[in-house]
Amino acid sequence: MTDPFATLGFEPVFDLDLALLERRHRDLSRALHPDRYAGRPATERRDALGRAIEVNHAFRRLKDPIGRAEALLERHGHPVRETGAPPADPAMLMEVLERREALGAAREKQDLETVRRLAEGVAEREKVSIAALARAFAASPPDVGGAEAALGELRYHRRFLDEVGAIEDEIG
Amino acid sequence: MLLDIYDPKAPPTPIGIDLGTTNSIVAYVSDQRPVALVTCDGAPLLPSVVHFAADGAVIVGRSAKAYATREPARTLASVKRFMGKSADDEETRRLGAYRFAAAESESDRRVVRFDLGSRVVTPVEVAAEILKSLAKSAVDQLRRVGGVVITVPAYFDDAQRQATRDAGRVAGLEVLRLLNEPTAAALAYGLESRKNGCFAVYDLGGGTFDVTILSLEDGVFQVRSTGGDSALGGDDMDRALAERLLAAMGATDAATRTPEVVSLALSSAREAKHALTDAERTAVTLPSRGGADVTIEVTRAELDELILPLLERTGRACRRALRDAGLEARELDGVILVGGATRVPRVRRYVAELFSREPLSDIDPELVVAYGAAIQADLLSRSSDEVLLLDVLPLSLGIETMGGGVDKILPRNTTIPAGARATFTTYADNQTGFELHVVQGERELAADCRSLARFSLKGVPPMPAGMARLEVEFHVDENGLLAVTARETQTGIAQRVEVRPSHGLTDEEVERMLIDALDHGEEDFEARRLADARVEAERLLLATRRALEMDRDLFEAGEGERVEAVVAALASAVAGQSAAAIQARSDELDRVTHAWAGRRMNRAVQAAIEGRAVTDVERRVEGAAGVDAHVAAHSAARESR
Numbered sequence: 000m001t002d003p004f005a006t007l008g009f010e011p012v013f014d015l016d017l018a019l020l021e022r023r024h025r026d027l028s029r030a031l032h033p034d035r036y037a038g039r040p041a042t043e044r045r046d047a048l049g050r051a052i053e054v055n056h057a058f059r060r061l062k063d064p065i066g067r068a069e070a071l072l073e074r075h076g077h078p079v080r081e082t083g084a085p086p087a088d089p090a091m092l093m094e095v096l097e098r099r100e101a102l103g104a105a106r107e108k109q110d111l112e113t114v115r116r117l118a119e120g121v122a123e124r125e126k127v128s129i130a131a132l133a134r135a136f137a138a139s140p141p142d143v144g145g146a147e148a149a150l151g152e153l154r155y156h157r158r159f160l161d162e163v164g165a166i167e168d169e170i171g
Numbered sequence: 000m001l002l003d004i005y006d007p008k009a010p011p012t013p014i015g016i017d018l019g020t021t022n023s024i025v026a027y028v029s030d031q032r033p034v035a036l037v038t039c040d041g042a043p044l045l046p047s048v049v050h051f052a053a054d055g056a057v058i059v060g061r062s063a064k065a066y067a068t069r070e071p072a073r074t075l076a077s078v079k080r081f082m083g084k085s086a087d088d089e090e091t092r093r094l095g096a097y098r099f100a101a102a103e104s105e106s107d108r109r110v111v112r113f114d115l116g117s118r119v120v121t122p123v124e125v126a127a128e129i130l131k132s133l134a135k136s137a138v139d140q141l142r143r144v145g146g147v148v149i150t151v152p153a154y155f156d157d158a159q160r161q162a163t164r165d166a167g168r169v170a171g172l173e174v175l176r177l178l179n180e181p182t183a184a185a186l187a188y189g190l191e192s193r194k195n196g197c198f199a200v201y202d203l204g205g206g207t208f209d210v211t212i213l214s215l216e217d218g219v220f221q222v223r224s225t226g227g228d229s230a231l232g233g234d235d236m237d238r239a240l241a242e243r244l245l246a247a248m249g250a251t252d253a254a255t256r257t258p259e260v261v262s263l264a265l266s267s268a269r270e271a272k273h274a275l276t277d278a279e280r281t282a283v284t285l286p287s288r289g290g291a292d293v294t295i296e297v298t299r300a301e302l303d304e305l306i307l308p309l310l311e312r313t314g315r316a317c318r319r320a321l322r323d324a325g326l327e328a329r330e331l332d333g334v335i336l337v338g339g340a341t342r343v344p345r346v347r348r349y350v351a352e353l354f355s356r357e358p359l360s361d362i363d364p365e366l367v368v369a370y371g372a373a374i375q376a377d378l379l380s381r382s383s384d385e386v387l388l389l390d391v392l393p394l395s396l397g398i399e400t401m402g403g404g405v406d407k408i409l410p411r412n413t414t415i416p417a418g419a420r421a422t423f424t425t426y427a428d429n430q431t432g433f434e435l436h437v438v439q440g441e442r443e444l445a446a447d448c449r450s451l452a453r454f455s456l457k458g459v460p461p462m463p464a465g466m467a468r469l470e471v472e473f474h475v476d477e478n479g480l481l482a483v484t485a486r487e488t489q490t491g492i493a494q495r496v497e498v499r500p501s502h503g504l505t506d507e508e509v510e511r512m513l514i515d516a517l518d519h520g521e522e523d524f525e526a527r528r529l530a531d532a533r534v535e536a537e538r539l540l541l542a543t544r545r546a547l548e549m550d551r552d553l554f555e556a557g558e559g560e561r562v563e564a565v566v567a568a569l570a571s572a573v574a575g576q577s578a579a580a581i582q583a584r585s586d587e588l589d590r591v592t593h594a595w596a597g598r599r600m601n602r603a604v605q606a607a608i609e610g611r612a613v614t615d616v617e618r619r620v621e622g623a624a625g626v627d628a629h630v631a632a633h634s635a636a637r638e639s640r
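Chains as they are written, first to last, in numbering that gives the first Met the number 0: chain A, 0 to 171; chain B, 0 to 640.
Derived from the structure by calculation, the hints contain no laboratory data.
Take these hints with a grain of salt, some might be off.
As the list claims (entries may be wrong) - Simulated restraints on C-beta separations:
{"id": "1", "chain 1": "B", "residue 1": "461", "chain 2": "A", "residue 2": "168", "range": "41 to 49 angstroms"}
{"id": "2", "chain 1": "A", "residue 1": "21", "chain 2": "B", "residue 2": "421", "range": "39 to 47 angstroms"}
{"id": "3", "chain 1": "A", "residue 1": "113", "chain 2": "B", "residue 2": "65", "range": "36 to 44 angstroms"}
{"id": "4", "chain 1": "B", "residue 1": "528", "chain 2": "A", "residue 2": "42", "range": "18 to 26 angstroms"}
{"id": "5", "chain 1": "A", "residue 1": "107", "chain 2": "B", "residue 2": "53", "range": "58 to 66 angstroms"}
{"id": "6", "chain 1": "A", "residue 1": "137", "chain 2": "B", "residue 2": "453", "range": "42 to 50 angstroms"}
{"id": "7", "chain 1": "A", "residue 1": "168", "chain 2": "B", "residue 2": "249", "range": "39 to 47 angstroms"}
{"id": "8", "chain 1": "A", "residue 1": "75", "chain 2": "B", "residue 2": "548", "range": "41 to 49 angstroms"}
Even glycine gets a Cβ: it sits at the ideal position worked out from N, Cα and C.
Full structure from sequences and hints, please.
Set out below in structure tokens:
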């Protein structure tokens, strides 16, 4: 897949104007969506479909801070794979473990209130990690190591919040 | 009486069809305003009931419904609930007056099969009969009918969508697009209000429930999330009430619950439900086991209590959709009610409480989806740029892993068209093939998700484990339909494999059914092939001529002349009698315009990135006037009501 910043015509920065990103996605969709190619020759329709898919994929990556950070690290020659990430801070890992245990217990008891309270705490931490990512990428030269560490933390938070979502689906 | 001015050269009229569980509707756009056509029943709503008479005749609609209690096994209702389902689906075990054919082979088990006594039919064939009846009504009134947009529940999975498209093909229709029902409803509403903002569409039909959260911004309808249950609707309310009636009739076991008795209980339940929309209580008289009639009184409070568990299921789906969209109910600008089952007072009250606001239902909730489909068909055939619909994948797509788990490739609520690529390596030495199982759903185990396709790639040269690499590409198009291609990359022997759907019909099967349905088989089929080729070529010519007007400056030396020569050749082929010649010229036009099309696409992309309007100002103004006129027509119609 090509560089999502290039696909959407953005400078490769972490602090993106998200409203502009949405508008750009809409404008590009107007230009490339398959509905706009109804009645055109088959090859042209196929090309447009391929490009519309690429635009949607780039939009999905850039609107998510994790996807944005990954795309930037790729540009800096540090493609990220979850397994190759630097080891996390032991203190943070300990905290993550404890919170997961608490979440598991709350799930068992169907205690939606505790689940939500835990989620709020993690959402706060998520914001802190995103701010750390922004700082690391804004430094000159960019602090790649710092970005990788913050990204690792952000992933832990995201997984926790995804699990909360699954529990909310389950309990309703 | 319509003025009978018929211009044989006039372009065919595109139509929109709401293929519903209980009723189906066909609509078109006239003077920029959607109009529902009268069906063979003399009204816009055609009951989605098909009766297959013993003499081979096929009856659709209200007259078919009349046979429901007399010949239930030959009279099929609510067939939408079986679209794309396999023979052992849970749906086949719910209360209903169906007789299913025993599956004798593996391929029989792929789809539900109804036993009519004299023959066996599939849901696709039954749905095709409904579509044919609607298309016939459209042809009777509009003379020349063009492509069709068919609506589907947003929560339909790939197999259900494939089945719906197959039904359109078997009916001999050109399916332009499958459109999600809530999005269609939003389109009909959005064009009316032209108000930007976030909306929820609560669509409770006869057999399916959808909730869609979408935003409307400068003519772009963007679905933020969708959720639902493709086996939950007004039918289930009828079933809950019918269980009570059956108990009162003394029909408590399988022996007493014959298709005739069940059918009677279901239709009485439906009538009682309708009566309770306005009345507080109603009486139902039914024959009982002993022979004497029993009269059962049903109150609205009782019905409310029976349907509450169903409503709570819709509530869960709504809360999840809001969560997926990252919104709170109070942040919405409006809630739109769609579907006949939203006429039930308890449903309205429930929705109002759930979203803390009075829902909108000023466009008839039973017609609004067909209106939206007609508008989209009109927009597509005019290549209009006034409005764009950006929909999402309703259910996650994944591949079964070694342990029976699911590796998610595309998560639910991904904007479509969407694509993803996954790479697999061999796990054993000298492994010469890959087996892949594509599933759809949110459950953790592949066995609990919907199985879409199993396919294998063979002929991989023997190599040590982990050396051979299989690259699998998923494409979900604007209809929500999946295509998967796979190739082995490491060896350089790139092998491309198209996925055979586990459900759905092959092109050959569709062609066979079409030929069988025509009076003069092959002969008629050829005539139809020529007609279809002409329609398609005319659209191609129109699009190319428009591009010639706008983007002539992007030609390289000599290119414009080549394109114009092929355009002229195609135009004369259209006037001729050979479908093959039309096809050959169309292919040639595809080839000579390809490079130029790429340049035009680049220019459109560049313009979008620079924030310029993609098309010239004049055409934009014209488009806006079109929407205004549409709005004016609609408000006028509303005031006169």
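Outcome of the hint check:
Here the CB-CB span from residue 461 of chain B to residue 168 of chain A is close to 45 angstroms, well matched to the stated 41 to 49 angstroms. The hinted window of 39 to 47 angstroms between residue 21 of chain A and residue 421 of chain B is violated, with their beta carbons roughly 28 angstroms apart. Between residue 113 of chain A and residue 65 of chain B the Cβ separation comes to about 58 angstroms, which falls outside the hinted range of 36 to 44 angstroms. At about 22 angstroms, the beta-carbon gap between residue 528 of chain B and residue 42 of chain A stays in the expected band of 18 to 26 angstroms.
In this structure, residue 107 of chain A and residue 53 of chain B meet the distance hint of 58 to 66 angstroms, their C-beta atoms being roughly 59 angstroms apart. With their beta carbons about 49 angstroms apart, residue 137 of chain A and residue 453 of chain B fall inside the hinted range of 42 to 50 angstroms. Evaluation of the 39 to 47 angstroms hint for residue 168 of chain A and residue 249 of chain B yields a pass: the beta carbon distance comes to about 41 angstroms. Under the hint 41 to 49 angstroms, the C-beta atoms of residue 75 of chain A and residue 548 of chain B, about 46 angstroms apart, fit the expected range.
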